[in-house]
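Same order as they appear, the protein sequences are chains A and B. Mapped onto our numbering, the consecutive letters of the first sequence carry residue numbers 5 to 107. Mapped onto our numbering, the consecutive letters of the second sequence carry residue numbers 124 to 216.
No lab work stands behind these hints, which were simulated from the structure alone. Some clues are possibly wrong.
Said to hold, decoys possible - To give a feel for the contact side, a few chain B residues facing chain A, derived at Cβ under 8 Å:
#1 Ala143
#2 Leu164
#3 Leu173
#4 Phe188
#5 Val190
#6 Leu209
#7 Gly212
Since this is a predicted model, take the numbers as computed values, not measurements. For glycine and all other residues, C-beta sits at the position ideal for the given N, C-alpha and C.
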Amino acid sequence: MMPPSAVPDWVMLLTAALVLFGASITLIGSLGLLRLRDFYSRVHAPTLGTTLGTAAILAGSIVWFSAAQTRPVIHEVLILVFMVVTTPVTLLLLVRAAFFRDR
Amino acid sequence: MSALILQWSMVVAQVFLVLAMGCATWRMLRGPRAQDRVLALDAFYVNGMLLMLTFGIRTGTTLYFDVALLIALLGFVGTAAFAKFLMRGEVIE
Numbered sequence: 005m006m007p008p009s010a011v012p013d014w015v016m017l018l019t020a021a022l023v024l025f026g027a028s029i030t031l032i033g034s035l036g037l038l039r040l041r042d043f044y045s046r047v048h049a050p051t052l053g054t055t056l057g058t059a060a061i062l063a064g065s066i067v068w069f070s071a072a073q074t075r076p077v078i079h080e081v082l083i084l085v086f087m088v089v090t091t092p093v094t095l096l097l098l099v100r101a102a103f104f105r106d107r
Numbered sequence: 124m125s126a127l128i129l130q131w132s133m134v135v136a137q138v139f140l141v142l143a144m145g146c147a148t149w150r151m152l153r154g155p156r157a158q159d160r161v162l163a164l165d166a167f168y169v170n171g172m173l174l175m176l177t178f179g180i181r182t183g184t185t186l187y188f189d190v191a192l193l194i195a196l197l198g199f200v201g202t203a204a205f206a207k208f209l210m211r212g213e214v215i216e
């Protein structure tokens with residue numbers, strides 16, 4: 005593995021931008037979880053972090069490890085696929101349960 | 124210079140993710156009903172997984188990736204079980 009100091013500058017800046025963007029989006033989603041008024045609007049807020057936030061941080065991780073190990077590292081795609089498949093399923097189950105309880 | 128920018132943006136990103144976990148914890152403690160608490164637990168899992176990924180980028184080891192994958196898996200199972208419990212009153216029928 006290449007030492008991290010030998011990684012080119014634009015890779016460092018791209019990784020920094022992607023990770024910072026993903027973390028900001030996730031924080032905005034969690035603030036929405038805190039601020040919104042009722043449950044059915046609160047369900048929407050954290051999905052900002054599970055889709056765009058996760059995708060941005062995983063893209064930063066892919067860029068960083070591909071540059072640091074000088075080979076394509078794409079096993080982060082596994083987490084992305086898993087989150088994209090499971091989040092709608094869990095939230096659909098949860099909202100259905102909440103709707104059932106409210107009735 | 125860019126190494127310094129990377130280091131500081133990692134620190135700022137971790138602070139943001141910890142604040143997001145704090146928001147989820149507050150909603151989990153306050154949540155007026157049970158479904159709010161379950162939703163907050165799901166958001167808490169996701170934020171913790173992202174925090175593990177930023178730890179992995181910062182230290183340069185791929186060990187944290189496995190932890191993140193495990194957290195994602197267990198978070199899905201946990202939230203699905205809680206939703207099933209809220210729906211039916213029991214997890215396994």
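Status of the hints after comparison with the structure:
Look at Ala143 (chain B): its Cβ gets to within about 4 Å of chain A, closer than 8 Å, so that hint holds up. Evaluation of the Leu164 (chain B) hint against chain A yields a violated restraint, the C-beta minimum of about 10 Å exceeding 8 Å. Against a cut-off of 8 Å between C-beta atoms, the interface hint on Leu173 (chain B) holds, since the closest Cβ of chain A lies about 5 Å away. The closest approach between the C-beta of Phe188 (chain B) and any C-beta of chain A is roughly 7 Å, which is under the 8 Å cut-off, so the hint is satisfied.
A least Cβ separation of about 11 Å between Val190 (chain B) and chain A goes past the 8 Å threshold, and the interface hint is therefore violated. With its C-beta approaching chain A no nearer than about 4 Å, Leu209 (chain B) sits inside the 8 Å limit, and its interface hint holds. Because the smallest distance between the Cβ of Gly212 (chain B) and any Cβ of chain A comes to about 10 Å, over 8 Å, the interface hint for this residue is violated.
Checked against the numbered hints above, the structure breaks hints 2, 5, 7 and satisfies the rest.
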